[in-house]
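Protein sequences appear in the order of chains S and P.
Okay, so the first sequence: first residue is 1 according to my numbering, each after it adds one.
Okay, so the second sequence: first residue is 1 according to my numbering, each after it adds one.
I should point out that these hints are in silico values taken from the structure, not numbers from a laboratory.
You may find that some hints are simply not true.
The list treats identical chains as one, so a pair stands whether inside a single copy or across any two.
What the hints assert, rightly or not - In silico lysine-lysine, DSS-like type, Cα no more than 27 angstroms apart, as pairs:
(1) LYS41 with LYS255
(2) LYS17 with LYS41
(3) LYS41 with LYS251
(4) LYS122 with LYS150
(5) LYS28 with LYS261
(6) LYS150 with LYS255
(7) LYS251 with LYS150
(8) LYS261 with LYS122
(9) LYS17 with LYS60
(10) LYS41 with LYS122
(11) LYS17 with LYS255
(12) LYS28 with LYS41
(13) LYS150 with LYS261
(14) LYS28 with LYS255
(15) LYS41 with LYS261
(16) LYS17 with LYS150
(17) LYS150 with LYS60
There are 2 protein chains.
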Amino acid sequence: MNRRQERPRMKSTATSKTIRQVLGPLTKAIEPALAAALGGKCVPAPLAQAMRYAALDGGKRLRPAMVLLSAAAAADRVDWRMDPMPAAVAVELVHCYSLVHDDLPAMDDDSLRRGRATCHVKFGQAMAILAGDALLTRAFEVLAQAPGDKTIIAELIAELAGGGGPAGMIAGQVADMALCQVPDGEPGRRYIHMRKTAALIRAAVRMGAICAGADGAAIEALTMFAEKVGLAFQIADDVLDATLPAEVLGKTPGKDAQSGKRTYATELPVEQARRQAERLTAEACEALEPLGERAGNLKTLAVSLVRRDR
Amino acid sequence: MNRRQERPRMKSTATSKTIRQVLGPLTKAIEPALAAALGGKCVPAPLAQAMRYAALDGGKRLRPAMVLLSAAAAADRVDWRMDPMPAAVAVELVHCYSLVHDDLPAMDDDSLRRGRATCHVKFGQAMAILAGDALLTRAFEVLAQAPGDKTIIAELIAELAGGGGPAGMIAGQVADMALCQVPDGEPGRRYIHMRKTAALIRAAVRMGAICAGADGAAIEALTMFAEKVGLAFQIADDVLDATLPAEVLGKTPGKDAQSGKRTYATELPVEQARRQAERLTAEACEALEPLGERAGNLKTLAVSLVRRDR
């Protein structure tokens, strides 16, 4: 039996859809908003080109979708306190900057991303560093300039900076690069993944909840969901890295094992990693029970994430 | 006659003080606030160390001083709308991140900064990239979490992101690295310097004015001051790079000429560059006339900047 096809079964009340079915309609709204955020007219043309290359035409838009679906899970649209789209755009800009910097030769040294040359291969290292810096800076500018209650906006900025910052995503990257000490076994793997991937997904989900005006209990439920889904998503990513060829993966496969990365697929049998991702996803969906039917799409997205085949 | 000692005369009503006399008292307030912003407890120790190395123990703290003196120039302290110290800290964090990234081998490839090894020489390139990213992210977090009116805070964040972003400082770095086309002669030099250096100084001064609750006319006067001082400061820096030895400069001297950088000291005779810096400073001080005596310290700082000998 081919381990690339075998999948454990998971009980879930969520509808079974592929990740593209779930994200497709959301992406149609996200792409133009993202493109509009990268249309600054006083930006030097080659910099603008590198920023757009890094952020447009590719990517699942998972994090912005999480912002939008979390807002929908927390409250009816008419009750939202502000439009969650600026938060969705900002979190994707942070994600895209992190990919550009992570791919640099001094970091993961990747030449393939989303099926094409990485930013530094296409534009040179200096431009890639600067384009990453620019995407990160622009993320906060988008939020600061968004229409809406400035108290909410300050909360969103703090949330994004926390998730993407030195105690969140950057801490994860430091740990992933073995630049700091991390415990052996599951605690160490969890430390890395909770920060490298889950921290920004957590911020995305909480930003959606904040835009919707969610109460404390709803924010708590969504936070627990996000942490579990974020971890499950990264485990699924590790499994794909270990099992897929480049033409399907869209980036260099098997890099984790080659570079001695600590992942769920390099440190555990692939099937065990898969089961853990499925279990975490089921727990994530359970955490959303208090939110009722409004959380349906968010659950469906979570399930599709661990079942994706690329 | 030694060109390193000869200085043109400048008429100014500002008191004549050395830059250290002007900045000393301000620095005493800025340093602890900056250190406090870098004390995050959930940050991996080596990352926190690299961030502190890049941001503490060195630097003139010119930009945060500009924030504080601009607030003082715009209104009496009792009338300030919010404490300008978080803005002062945030702008310095952005400045420090930019130095770390600019020093990287793929950028200016500098090994000496503020009299000691640059961040990537000390901690490696990967950590330097991540520490820079972390300082930038933290800058916006500091502002978002600052006590005060959130409408003002959103304005401050937009101002900082604008000055430090892809139409501001990053555009300047792109131009400085010859990664985009820039006109020949004075327009090109001005394009580079206005963005590379003046954009963040402009943001610093405007942030101080915003904290003070300055009216439109005062903000306009301070903005004109900042643009001229920012340009004058970078010209003075170019002159020092061309004329000082490493032990005084604290960084590798003569790099601009060696690396073919377009500066006022590589494209103009040094004396002409000096005179231009003095003229811009005089114009900057004139722009502050409408603000009266409250602007005295800001003028004194401006004058000390072009007269500094390191």
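Status of LYS255 relative to LYS41 across identical chains (alpha carbons, at most 27 angstroms): neither (38 angstroms within a copy, 32 angstroms between copies)
Same-copy or cross-copy closeness of LYS28 to LYS255 [CA-CA at most 27 angstroms]: neither (32 angstroms within a copy, 48 angstroms between copies)
Intra/inter-copy verdict for LYS261 and LYS122 if alpha-carbon distance must be at most 27 angstroms: both (25 angstroms within a copy, 24 angstroms between copies)
Homomeric proximity label, LYS41 with LYS251: Cα distance no greater than 27 angstroms: neither (32 angstroms within a copy, 35 angstroms between copies)
Homomeric proximity label, LYS41 with LYS122: Cα distance no greater than 27 angstroms: The answer is within: 22 angstroms in one copy meets 27 angstroms, while 38 angstroms across copies does not.
Status of LYS60 relative to LYS150 across identical chains (alpha carbons, at most 27 angstroms): neither (29 angstroms within a copy, 33 angstroms between copies)
LYS28 and LYS261: within-copy, between-copy, both or neither at 27 angstroms Cα: So LYS28 and LYS261 fail the 27 angstroms test inside a copy (35 angstroms) and across (44 angstroms) alike.
Identical-chain pair category, LYS122 with LYS150, by Cα at 27 angstroms: neither (38 angstroms within a copy, 40 angstroms between copies)
Status of LYS261 relative to LYS41 across identical chains (alpha carbons, at most 27 angstroms): Answer is between: at 25 angstroms across copies they meet the 27 angstroms cutoff, but 41 angstroms inside does not.
27 angstroms Cα threshold - placement of LYS261 relative to LYS150: neither (41 angstroms within a copy, 42 angstroms between copies)
Intra- versus inter-copy proximity for LYS60 and LYS17 (alpha-carbon distance at most 27 angstroms): within (15 angstroms within a copy, 57 angstroms between copies)
Alpha-carbon proximity between LYS28 and LYS41, which holds within one copy, between copies, both or neither at 27 angstroms: within (24 angstroms within a copy, 40 angstroms between copies)
Going down the numbered hints, you'll see the structure goes against 1, 2, 3, 4, 5, 6, 7, 11, 13, 14, 16 and 17, while the others check out.
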